[in-house]
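Using the sequences and the hints given, assemble the complete structure.
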Amino acid sequence: MIPVKRTARGFAFITDGMRLIRDNPDLRKWAVIPFLIDLALVVAGFLGGSVLLPGWVASGVAWVIPATTGWIFSIFYYPVLFFFWLVFLVVWVYVIYLVASVIAAPFNAILAERTLMKLGMITDRPFNMAKWTATSIKMMTTALIKAGVFLTLGIFIFALSFVPVLNILSSFMALMVMSFDSLDYSYEILELNLRERLRAFKYIFPEATGMAGALAVTLLLPGLTLLMMPAAVVGGAAVLRSVPNLGRKSW
458 MIPVKRTARG
468 FAFITDGMRL
478 IRDNPDLRKW
488 AVIPFLIDLA
498 LVVAGFLGGS
508 VLLPGWVASG
518 VAWVIPATTG
528 WIFSIFYYPV
538 LFFFWLVFLV
548 VWVYVIYLVA
558 SVIAAPFNAI
568 LAERTLMKLG
578 MITDRPFNMA
588 KWTATSIKMM
598 TTALIKAGVF
608 LTLGIFIFAL
618 SFVPVLNILS
628 SFMALMVMSF
638 DSLDYSYEIL
648 ELNLRERLRA
658 FKYIFPEATG
668 MAGALAVTLL
678 LPGLTLLMMP
688 AAVVGGAAVL
698 RSVPNLGRKS
708 W
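Residue numbers (the numbering used here): 458 to 708.
No lab work stands behind these hints, which were simulated from the structure alone.
Take every hint as true, because none was put in to throw you off.
In silico lysine-lysine, DSS-like type, Cα no more than 27 Å apart, as pairs:
#	residue 1	residue 2
1	LYS603	LYS588
2	LYS486	LYS575
3	LYS575	LYS595
4	LYS588	LYS575
5	LYS486	LYS588
6	LYS575	LYS659
7	LYS659	LYS595
8	LYS595	LYS486
9	LYS659	LYS603
10	LYS462	LYS659
11	LYS575	LYS462
Between beta-carbon pairs, the in silico distance windows are:
#	residue 1	residue 2	range
12	MET597	TRP520	36 to 44 Å
13	LYS462	ILE602	29 to 37 Å
14	ARG476	TRP513	35 to 43 Å
15	PHE539	ALA616	16 to 24 Å
Model, not experiment: these values are computed from the prediction.
Here a beta-carbon is modelled for each residue, glycine too, at the ideal position from N, C-alpha and C.
Set out below in structure tokens:
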């Protein structure tokens, strides 16, 4: 498959995931819980943000251009106000995304597992509560570590966003990190180590760039990225079908 077609296939990964969830009652059942968790966090996040952000923005604007600066304040107030609203909104949404990735991790993991079963990449088996509990603890620990790594990386990417040209690169990097995160639940179920995960990601790099584009579209509506996460997890598992000798492991 030529790179353009592979990129287009990656761009469709969310809609492919939604289609798989729609057509499979078992996937629909397991997609409900992470969706409700993400929905609750989006609502709580924006309610909390509506209370906290105005004060943060006002403090930031006052720090940059105090009211005592006179005409300078009049000229630059609204551009600086818009800038701080944008900055704090992006940071707030990113924090909500990290929190959701930790809380919903066990349910996203089982959703990835059921998807991999449907796709024939791992052996079909009944749900096991003891195994799921052990895996959930492991996934939440992994999610906490990833959240710390992504937060550090997010700060670095955010700093680059103020540099012309590099800001485009930083945005692409952030979206690729989110693409990798969508695939990571399946990586975990397939028991891949870091080297194997990076090798698989390199193999599907054209698809991953398309996935980044799809995630960029969801960012146009704050909160939509989170609400689409179950579909992204399922769609990410489907993308991995093209990687040779990847599946058919059990955990």
